[in-house]
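There are 2 protein chains.
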Amino acid sequence: MFAELLTIGDELTRGEIVDTNSAWLAAQLWDLDVAVRWKTSCRDDEDDMRAALAAATARADLVITSGGLGPTEDDLTCEIVASAAGAPIAIDEAARQKLELFLASRGRTVSEVNLRQARVPAGARVHANPAGLAPAFEVALGGVPVVCLPGVPREIYAIWEAGLRARVDELRRSSGAAPRIARRVYRIFGRAESQLSEALRGLVDGYPGASLHYQVKFPEVLVKLVVRDPDAAAATARHDELDAQLRARVGRWIYGTGDDPLPLVLGRALLDAGVRVAVAESCTGGMVGALLTELAGSSGYFVGGAIVYANEEKVRQLGVSPATLDAHGAVSEETVVEMAKGVRARTGADLGVAVSGVAGPGGGSADKPVGTVWLAVDGPGAATRTFRMQWPGARDQVRTLAAWWALELLRQALPPSASEERP
Amino acid sequence: MFAELLTIGDELTRGEIVDTNSAWLAAQLWDLDVAVRWKTSCRDDEDDMRAALAAATARADLVITSGGLGPTEDDLTCEIVASAAGAPIAIDEAARQKLELFLASRGRTVSEVNLRQARVPAGARVHANPAGLAPAFEVALGGVPVVCLPGVPREIYAIWEAGLRARVDELRRSSGAAPRIARRVYRIFGRAESQLSEALRGLVDGYPGASLHYQVKFPEVLVKLVVRDPDAAAATARHDELDAQLRARVGRWIYGTGDDPLPLVLGRALLDAGVRVAVAESCTGGMVGALLTELAGSSGYFVGGAIVYANEEKVRQLGVSPATLDAHGAVSEETVVEMAKGVRARTGADLGVAVSGVAGPGGGSADKPVGTVWLAVDGPGAATRTFRMQWPGARDQVRTLAAWWALELLRQALPPSASEERP
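Residue numbers (the numbering used here), protein chains in the order written: chain S, 134 to 556; chain X, 134 to 556.
Don't read these hints as lab results, they were simulated from the structure. Be a bit skeptical, because a hint or two may be false.
Put simply, identical chains are the same to the list, so a pair is met inside one copy or across any two.
Okay, derived cross-link-like pairs now, DSS-like style, lysine-lysine, Cα gap no bigger than 27 Å in a straight line [to be verified]:
1) LYS474 / LYS501
2) LYS231 / LYS474
3) LYS474 / LYS357
4) LYS231 / LYS350
5) LYS350 / LYS474
6) LYS501 / LYS231
7) LYS357 / LYS231
8) LYS501 / LYS357
Everything numeric in this text was worked out from a predicted model, so none of it was measured.
Pulled out of the complex, with its shape left as it was, chain S reads as follows (with noise of 0.2 Å):
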């Protein structure tokens, strides 16, 4: 089964925005063994999206769109979907309703620009978009199903979490050639591409219908490996093989499976732990405590701390010493040990963790050049852990990678059975 994808807007051909919709929704449709063999994108223009409409119906099994659904007169997809289908536009009366509240509960009514968002096909099936206002919807053009979908990745994300995802491997289980499929994905922080296949070469060799695939997603990369079989239970034993040979080889290095990115893994480990956290962060400015407080519940973890972007909030807030800045540098290892220890005294925190790095362009010197970053992580019992990273990139990779580093020292800290990954 053969899948096309069609991603509609003028911001996407002049380059204004990188299109991420086409990317994830290729991946997500590789994990329902669903092939994509073309990507498209073109303008809002109604030339260009009937040509590319027909293109994508002559030579796939299934299409899906996204972009064109919005309020403004640029949004041309549900015109020029119901137009080659036959059929009249209407409004869908569940997604007018939505509208309706959503305005209201801004004091505002329904123009009839918000209820061009409203608007599908006649007859089209609609899928529900629980993260926006206008819904999706499929018709068939030439007997092959069209999805429409918005342009707002979030709101694409629902919708294929709400049914479009059962709705796919519905299509492709009628499509007649399914074979069953194990797969699992590892997620794995602070290790390269290159270091994992190598380690894992060969690994598949001689298992049938066996693949590894490789994805950097920075800062992390993920792993997934997939075994295909006519036989599912066959498939789920030669899977369960691999997987305990590929975590002989990398298991240490995993520290979850899934969907789930550090962030949220980590705070389900800390709650289950009952283990609570403060940060004390100056390169960083404030963004492991962000990642800290991605999951909902957090407050059950994470108790706040300090940003010591200036030298004198370093001593203010957290008692580090003026002769250990002036003897070894904002960063330094006595700095950070201190930064941690600091605000875990200060907070009554079980674990502080501190950042202190020289994120650049400019600051860097020959012993501290760009990229060298700080860490310190301070608990109950053994002495204080400290980690010294370095990183030849630019500003912004140089502060994500001392986050995530922040947050793999805190998951490292916890008990064994706490920081296990999940299934």
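With the hints as your guide, set chain X onto chain S.
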């Protein structure tokens, strides 16, 4: 003049990487007034690549491909383009020498696999690649120039700068139809696309060659005003006139023009004004500090602050009164005022900004539903300014919007000359 972009590779159609190359190339071409009409991605598949090339050369005046020029057997671009051009494959002598030198510096000699990277269709125009080993090349297929680039982004940037930009400009000029363009991007935070399009309705009516484009780039909206005219002076004059009218209608909402988002624009304004800022963050957990430190040189205006997720930290770090918390709750105007005053007084900053809200999905109540966020800015002089934000969205959206509102309130607190947009 229309261009078409073709990006090649299984990693694209499987969604393992996001196609940033086509967005980057499209933006460069747009700046040369070469409009991209189609962007296509296909697999490393001979038939699909042939079909994609045939479709592109049939409808475009210029085709640029990226990918498929590496040393492996998956890399088919050279073969397919050469065969479409009816040319044999040749080794580019300059590329071969470069390869030889590179490998010699590593104590290695050129193998047959290595040499694949030096291949070009015989007779092709070669574009130097200052950042890599595979040369880019250009052939004409059916009279349409087809430029083949490698897939590595930084190699594409280097090839573009080294000569491809000039070559495309030459092609554009020789194509005759080269209208001049005047354009500007206006950046707005805190207003919806629909509000803006209503406020600007009819603006360009009666102005030939003028158009308005909207782009939602959460949490902000970009408005682009474009005027095309064969005469550069006429385009500029009409653009200036429309610019004045646009500012008369929505000018008070515009925080800047150009490429820089609010964190960078505000950072520069704070530097110019010599104003130092501290943050007091609850529901944003450090996001405001993280945004304020995106600009290199942020130590010139950012002192630091307090992350006070737990109520005890609001009391301990900022001196918020337990009575205020009891009477009004952590999410209240009274609490954020005390937070802003507290952080300003304790850090000695010129401005203190505070945020406390219900990010959700839990924790809402009838009078403070999920998405309710109180903000305050305390400064010298007049009363502390407060703002209540209400957004019925997901946790990450509520937090991002709250953090941007903190920046927007800081911007509004600056003297107009300092917060003024830059051209």
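- Violating hint indices (sorted, rising): 2, 3, 5, 7 and 8
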